[in-house]
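Enquirer: Sequences are here, hints too, so could you generate the full structure?
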Amino acid sequence: MATAAGRLRRSWDKYWYAWAMVIPVTLVLGALVVIPLVRGIYLSFTDANERNVAATIGQLRLPDSFQVIGLRNYTDVLFGPSSKFWSVLARTGIWTFACTFLHYTLGLGLAVLLNRPLRGRAIYRVLLILPWAVPTFISAFAWKLILARDNGILNYALGGVGVGPLDWLGTDALALVSVIAVNVWVGVPFMMVAILGGLQSIPSELYEAAEVDGASSWQRFWHVTLPGLRTVSAAVILLGTIWSFNMFPIIFLMTGGGPGDATQILVTYAFVSAFEGVRDYALAATYGVLIVSILVVFSTFYRRALRASGEVW
Amino acid sequence: MRERVEVAWVLAATMGLSAGLLAGCRGSSSSSSSSGSGSGSGSSNHEGAGAQEKPVTITWWDTSDSTNEAPKFKDLIVKFQSKYPNIKVDYQNIAFDQARDKFKTAAQASTAPDVMRAEVAWTAEFASLRYLAPLEGTAASADLGDYLPAPLSSNKYDGKLYGVPQVTDALALLYNKALLQKAGVSEPPATMEQLKQTALAVKAKAGADGLYLNPQGYFLLPFIYGAGGDLVRVEQKKIVVNGAEAVKGLEVALDLIKSGAAPKPDLNSGYNQMQAGFKDGKVAMVLNGPWSVADDFTGKAFADKANLGIAPVPAGSSGKPGAPLGGHNYVVYAGSKNLPASYQFVQFMNSAENQAYLAKELGLLPTRASAYQLPDASANPVVPKFKAVIDKAVPRPAIAQGGQLLVPLDQNYARAIGGDKSPQAALDSVASDYRQFLKDWN
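Chains as they are written, first to last, in UniProt numbering: chain A, 1 to 313; chain B, 1 to 442.
What the hints contain is simulated information worked out from the structure, not anything from laboratory work. We treat Cβ as the ideally placed atom computed from N, Cα and C, and that holds for glycine. Incorrect hints may appear among the rest.
Stated by the list, open to error - Per the computed footprint, the stretches of chain A lying under chain B, defined by three or more beta-carbons under 8 Å from a beta-carbon of chain B, are: (1) 56-68; (2) 84-96; (3) 161-170; (4) 230-239; (5) 255-267.
Expert: Shown next, in the form of structure tokens:
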């Protein structure tokens with residue numbers, strides 16, 4: 001006991017600056033993350049909505065009058081008679097996988113391309129980063145115009161080569177393909193830059209050694225580049241998955257989840273269900289908790305898989 | 001030491017100041033609300049607000065079209081300002097499609113505007129959430145008997161009056177006279193069957209699309225109502241959107257598209273495409289409301305304003321035309337710090353004279369019977385024609401969930417147009433969506 005206290009004291013004497021630096025972060029994270037999270041989890045067990053939460057309307061102060069209703073929100077969302085949760089979850093899976101896969105492979109390809117000595121490399125890099133620099137909502141609106149069935153630039157161009165106007169955002173499969181394509185367009189630059197950074201940290205001696213040993217360029221890519229990128233790849237794939245899973249603006253602004261529910265993913269569906277009409281905060285919280293849970297489970301398994309393959313992370 | 005004293009001074013001064021400010025706010029707001037909240041104290045408001053002594057500022061959220069309509073509303077504010085110099089109006093134009101959400105967020109936090117232009121379907125919802133001040137006995141509800149009954153009905157919730165109708169509207173059949181003539185049709189179609197034949201004739205002979213259907217639920221209502229159907233029956237608490245009549249109405253609309261009388265609409269920007277085509281003379285007929293007329297006149301097809309024809313929506317199988325009654329109401333925020341001034345503002349804006357002015361300038365339809373008698377109102381040829389439409393239009397349900405009824409209809413109308421769902425299946429899913437928020441209905 002005494003030794004523990006003594007160790008703590010010694011640790012404080014030695015590392016007091018580290019503790020001092022951690023305190024503001026802890027406070028801010030507590031205020032911005034932990035408290036809302038706990039509150040959200042609590043709300044998901046209640047029937048809170050716009051009618052019964054506290055509000056101040058001028059002189060009128062209405063106190064909270066919602067009740068704890070246990071797991072009813074969860075059973076409603078997961079197993080309710082008109083619940084679309086599972087079909088939306090399945091679509092979210094397709095969306096997330098397609099987006100992350102394309103983000104990573106295209107980003108990797110572009111990064112490898114841009115890592116070579118190339119005339120005008122700086123210009124390419126700037127141009128390729130552009131989609132990422134444009135605010136997402138502007139991209140979404142711009143693409144919505146490009147993809148419009150009547151008077152859209154894309155259909156106009158396709159008309160020029162004899163392909164009839166396609167209803168890009170108005171038919172189920174095409175709408176999903178379109179929003180995935182736009183999300184890929186928006187997200188590839190980040191992957192490219194991150195991987196480019198990773199590529200530049202691979203020592204060139206490794207490539208020289210491989211070349212001396214007679215490795216083909218494919219073999220060099222496979223046995224030097226990819227292993228060298230492992231840490232970066234692991235991080236960006238995890239980030240990309242979480243971002244795609246939660247990518248709200250592209251879908252919401254381009255199709256609103258439509259036509260019907262054809263492009264609805266969990267976050268957009270949660271928003272529409274909870275905030276259309278009288279706002280259902282409990283339902284929104286329930287979706288929030290479910291989404292976080294899914295992502296936590298995913299991240300845990302992902303990290304465990306990485307660790308199993310020898311990655312310390 | 002010296003510094004510390006100074007800091008203490010500054011602290012004390014700011015605290016004192018903010019306390020004073022808070023007290024000031026509380027003082028002024030409680031005095032205004034005590035004179036304005038109850039309907040019993042109403043009579044004093046009539047004069048009380050007119051003789052506003054201390055200058056106050058009220059905020060008005062206008063949701064009208066910011067390019068075509070807003071300037072005329074601002075004209076009225078200038079007039080108001082000269083009549084009531086002590087009431088300053090902070091005019092804010094809020095995009096219509098975001099206004100409902102913004103208002104609700106602001107209303108919960110006590111930061112909502114004093115006066116709001118609310119769509120008819122929002123009024124009951126806001127009132128049910130206690131965001132609105134009741135208007136009986138206030139200056140805002142002066143000459144209540146002068147209002148047309150149908151637009152007024154959307155302002156009543158739970159037996160109380162929470163707004164006064166600013167403008168009323170209904171869908172009508174707008175048509176390009178020249179194109180119809182080219183197709184050899186002299187009279188606008190009066191039934192859905194004639195609508196189809198006319199549209200096909202235009203397509204065959206006039207080199208334009210006969211009809212463009214905006215694929216939104218609101219624009220489907222004439223078909224549902226026309227066939228004798230409805231979304232819900234309020235007095236029986238019954239969901240009837242998937243009943244046989246409504247399904248028949250949807251089938252009529254789909255048949256217009258399938259038969260080629262109307263092109264397959266753009267599901268994402270249908271309204272804009274409809275307007276673009278109609279204004280350019282590429283579309284001969286549309287179903288649209290009086291709000292669109294000012295926009296139509298900016299198009300080359302209506303450079304000659306006389307070319308725009310206005311007729312009631314064609315009658316469905318029930319034999320009657322069924323246009324949905326729309327419009328907007330003036331509502332006053334319950335938490336307003338300047339209730340008397342807000343009531344005064346609503347009264348002024350909604351006077352018969354000012355309604356007639358807006359009718360003359362914009363073709364907006366007055367909600368007061370007496371406004372139609374004024375020369376200004378009949379000066380705009382659109383107004384008398386729409387008046388005939390309004391008189392037969394179908395009011396929408398004034399229930400708290402009224403604003404939610406159209407979203408599922410939007411989605412499933414699109415599904416039916418896309419061919420993904422049969423008419424019955426599409427309306428069945430609308431009904432199933434309704435059950436989520438109309439819990440104890442059958």
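Enquirer: It remains to establish, for every hint, whether it holds in the given structure.
Expert: Verification of the hints:
By the rule of at least three residues with a Cβ nearer than 8 Å to a Cβ of chain B, the coverage given for the stretch 56-68 of chain A holds, with 6 such residues. Under the rule that three or more residues need a Cβ within less than 8 Å of chain B, the assignment of the stretch 84-96 of chain A is violated, with 0 such residues. Closer than 8 Å: that is the beta-carbon criterion, and the stretch 161-170 of chain A has 3 residues meeting it against chain B, so the requirement of 3 holds. Look at the stretch 230-239 of chain A against chain B: 0 of its residues bring a Cβ nearer than 8 Å to a Cβ of that chain, fewer than three, so the hint is violated.
Counting residues of the stretch 255-267 of chain A whose beta-carbon sits less than 8 Å from any beta-carbon of chain B gives 5, enough to reach three: the coverage restraint holds.
Consistency with the previously given hints fails for numbers 2 and 4, ordered from lowest to highest.
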